[in-house]
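Residue numbers (our numbering), protein chains in the order written: chain H, 1 to 207; chain U, 1 to 423.
FYI, nobody ran anything at the bench for these hints, they're computed from the structure. Do not take every clue at face value.
Stated by the list, open to error - Here are the simulated distance ranges between beta carbons:
no., chain 1, residue 1, chain 2, residue 2, range
1, U, Val322, H, Asn79, 45 to 55 Å
2, U, Asp408, H, Gln164, 51 to 61 Å
3, H, Asp121, U, Gln223, 39 to 49 Å
4, U, Lys385, H, Gln164, 52 to 62 Å
5, U, Glu145, H, Asp121, 36 to 46 Å
6, H, Ala78, U, Val322, 33 to 43 Å
7, H, Leu194, U, Glu169, 28 to 38 Å
8, U, Gly183, H, Gln123, 54 to 64 Å
9, H, Gln123, U, His253, 21 to 31 Å
10, U, Ala210, H, Asp37, 54 to 64 Å
11, H, Gln71, U, Gln332, 51 to 61 Å
12, U, Gln386, H, Asn68, 37 to 47 Å
13, H, Gln71, U, His253, 25 to 35 Å
14, U, Glu169, H, Asp146, 34 to 44 Å
Just so you know, even glycine gets a beta-carbon here, dropped at the ideal spot from N, CA and C.
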Amino acid sequence: MIEHGPLLERLLEGEFICAITDEHSFHKLQNDEMVDDFNHFLRPLNRRVAKNDDGSVYFLAYCDLTQNARQHISHQFANTVQSLLPMLEWMQLVQEALGRDGALSAGDTIKLQDFESKVVDNQSLIQRMSHLANDKVFKSTSDKPDMQIKQIFKRIKELGYLYQPHKDRLFYRVTGKIEQLIELVRFIKDEENLPIDDKTPEQEAMF
Amino acid sequence: MTQSPKQKSTAPSNPLFALGKERLELIGKHADALMQGYLEGRLKESSFSRQGLQKLLDSRVLFYPEEQSLSLRPIVNELIASLTQDERKRQINTDVGEHLDQIDTRVQSLQAARHKGDYAASEHHMQLLTERVNDMTGQFGDAIESLWHRLNTEFGFVSSLDDKMLEIELAQRQLRRILDGFGIINFDDLIQLAGSDGGLRKLLVSQLQARISEHSGSLLEVQKRLVLLMARFRQQQDRALLINRMSAFLRQHPNFQMSDYPNRSQVPAVINHAHGISAQAFIAIDRPQDSYALAELARAVPREPQQHSLSEKQTEGFVMAVQNLVATEQKQLAKDVEDFFIQVIDSPHALSGVDYLAEKELSWEPEMWLFQIVAEYQGLPQQNKQSFMLDKDSAQQSRFNHLHLIQDVTVGMRFFGDFQAAS
Numbered sequence: 001m002i003e004h005g006p007l008l009e010r011l012l013e014g015e016f017i018c019a020i021t022d023e024h025s026f027h028k029l030q031n032d033e034m035v036d037d038f039n040h041f042l043r044p045l046n047r048r049v050a051k052n053d054d055g056s057v058y059f060l061a062y063c064d065l066t067q068n069a070r071q072h073i074s075h076q077f078a079n080t081v082q083s084l085l086p087m088l089e090w091m092q093l094v095q096e097a098l099g100r101d102g103a104l105s106a107g108d109t110i111k112l113q114d115f116e117s118k119v120v121d122n123q124s125l126i127q128r129m130s131h132l133a134n135d136k137v138f139k140s141t142s143d144k145p146d147m148q149i150k151q152i153f154k155r156i157k158e159l160g161y162l163y164q165p166h167k168d169r170l171f172y173r174v175t176g177k178i179e180q181l182i183e184l185v186r187f188i189k190d191e192e193n194l195p196i197d198d199k200t201p202e203q204e205a206m207f
Numbered sequence: 001m002t003q004s005p006k007q008k009s010t011a012p013s014n015p016l017f018a019l020g021k022e023r024l025e026l027i028g029k030h031a032d033a034l035m036q037g038y039l040e041g042r043l044k045e046s047s048f049s050r051q052g053l054q055k056l057l058d059s060r061v062l063f064y065p066e067e068q069s070l071s072l073r074p075i076v077n078e079l080i081a082s083l084t085q086d087e088r089k090r091q092i093n094t095d096v097g098e099h100l101d102q103i104d105t106r107v108q109s110l111q112a113a114r115h116k117g118d119y120a121a122s123e124h125h126m127q128l129l130t131e132r133v134n135d136m137t138g139q140f141g142d143a144i145e146s147l148w149h150r151l152n153t154e155f156g157f158v159s160s161l162d163d164k165m166l167e168i169e170l171a172q173r174q175l176r177r178i179l180d181g182f183g184i185i186n187f188d189d190l191i192q193l194a195g196s197d198g199g200l201r202k203l204l205v206s207q208l209q210a211r212i213s214e215h216s217g218s219l220l221e222v223q224k225r226l227v228l229l230m231a232r233f234r235q236q237q238d239r240a241l242l243i244n245r246m247s248a249f250l251r252q253h254p255n256f257q258m259s260d261y262p263n264r265s266q267v268p269a270v271i272n273h274a275h276g277i278s279a280q281a282f283i284a285i286d287r288p289q290d291s292y293a294l295a296e297l298a299r300a301v302p303r304e305p306q307q308h309s310l311s312e313k314q315t316e317g318f319v320m321a322v323q324n325l326v327a328t329e330q331k332q333l334a335k336d337v338e339d340f341f342i343q344v345i346d347s348p349h350a351l352s353g354v355d356y357l358a359e360k361e362l363s364w365e366p367e368m369w370l371f372q373i374v375a376e377y378q379g380l381p382q383q384n385k386q387s388f389m390l391d392k393d394s395a396q397q398s399r400f401n402h403l404h405l406i407q408d409v410t411v412g413m414r415f416f417g418d419f420q421a422a423s
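Excised from the complex, chain H in its bound form (with noise of 0.2 Å):
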């Protein structure tokens, strides 16, 4: 278990381990013996090691859910919550700026420079990310183009969204971590019953 220690570490931190990050890691976690050890250990922290449907990305789960327990997850759920439009637009943006072919999966690398001239050519780009940049998960007090989306990357980045695989670079990948928040929200439309399947010629447009 030793030199498992800095995973361990990480994952108790509240890190998403996934293939882009780390993927030395996230081949140790595919181990399902591995994984019994680490939840053996991990079980007086009331925590185990957990992965999402298509197990793109790991992390930590409570086993039990405890009051205090359920009040973290409670906190955490309306932080994500509050983030969630902001997130999907900002998905949007970015395939639309890039014209891509589809939306942005794990994997998927972005250039920051690419990304930034595309948005300045084009108005109408520039007014729903300088919209984006002020909402309050983003914070950006700039009315510069470039100052805003270094803003938006950098507050992604902290999310767990998106990985900076050279510090001094501005070139991002996305994390296995957006694909549980694609979960999420097909989660959320099928618990809430949202009726968002019909399709309607207005939303086929957009796409």
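For this one, chain H is given, so just place chain U on it according to the hints.
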């Protein structure tokens, strides 16, 4: 159910009804043979009874086009095509059918030439026949190659996901048409056509079959890839739609309240994420074996990190920078004096300011240096001041006034009203 007796009663009264029904039934009766004819482009008289054939001709289902073999009337062909909803299918089928027809006639001419013993003509016909067969397989080959090409670029020539999916559907239809074309090639017929002629057999049967099976294998692979790509594109589309619709919904309903998932009896797995805990550790000196490592660490700790104002400095103007320079010098002087006092504490005896300055090779002017020591001493809190003793080595400059010039100061710890040791 209530209408059926009524219909029954009106049916016989209308002669058109009876006739139409009879004709449709006639078509139904010969469905197999007619469909075969539709696919092959011509019919064999032998597949119908004399009576049946006459009936089909009378009811304008079949006809003999000028001096040609028995065929379906164009209107019937169209009926079948529209019922099966595949115009293209008919297109490619007739293409292949045409090839086969021509092969058929070419073989007959070849055999006729051989019969007559016309060697040159038969050679010529054989050449044309080979070309014809190669043409046909070549067409299949080209079609498959174009499919592969499009697959390998993942339909990169169209930009939007929707277009890509349409392209895949198109490719799938094309693939089906090629397969239908394969279906038309009837090797039994070809075997019969080739008869006992070895060369023909090789060309029409073994070579063709090898090519066709090769193409089939390739098509199967294409089909697999198409299905995979389609699944992937659909997934991407689904995701993009989900994101678009959810964000549109949330924008339209800014006050939308979600259920209290965290406090349900069954907390959904998707939100069960434990909060982070950081395991902190502190210096513990209760284990003697750690003392060496801890001491090493303690020694490595930098004395006074003073880097924090760096970023401020960069943003200030030139005037400020000069002021800062002076301030830093002042600070450095104060720090050196502080070091001097520390040295005094560490030292077993009192120290001379001037000696210390020389010993440490500091660049301060002696006058400034001594002044700073005195100032530092005077500036000490009363309690700390009592721990030190400061002795000024000064001389009166003139008999006529009380100007004293300080040559040196000696600082030491106060022990019972005196320096710690005799200086």
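Now for the hints, and whether the structure bears them out:
| no. | hint | in the structure |
| --- | --- | --- |
| 1 | U:Val322 x H:Asn79: 45 to 55 Å | holds, 48 Å |
| 2 | U:Asp408 x H:Gln164: 51 to 61 Å | holds, 60 Å |
| 3 | H:Asp121 x U:Gln223: 39 to 49 Å | holds, 42 Å |
| 4 | U:Lys385 x H:Gln164: 52 to 62 Å | holds, 55 Å |
| 5 | U:Glu145 x H:Asp121: 36 to 46 Å | holds, 39 Å |
| 6 | H:Ala78 x U:Val322: 33 to 43 Å | violated, 52 Å |
| 7 | H:Leu194 x U:Glu169: 28 to 38 Å | holds, 29 Å |
| 8 | U:Gly183 x H:Gln123: 54 to 64 Å | holds, 57 Å |
| 9 | H:Gln123 x U:His253: 21 to 31 Å | holds, 28 Å |
| 10 | U:Ala210 x H:Asp37: 54 to 64 Å | holds, 57 Å |
| 11 | H:Gln71 x U:Gln332: 51 to 61 Å | holds, 53 Å |
| 12 | U:Gln386 x H:Asn68: 37 to 47 Å | violated, 55 Å |
| 13 | H:Gln71 x U:His253: 25 to 35 Å | holds, 27 Å |
| 14 | U:Glu169 x H:Asp146: 34 to 44 Å | holds, 43 Å |
Hints 6, 12 from the list above are not met by this structure, while the remaining hints are.
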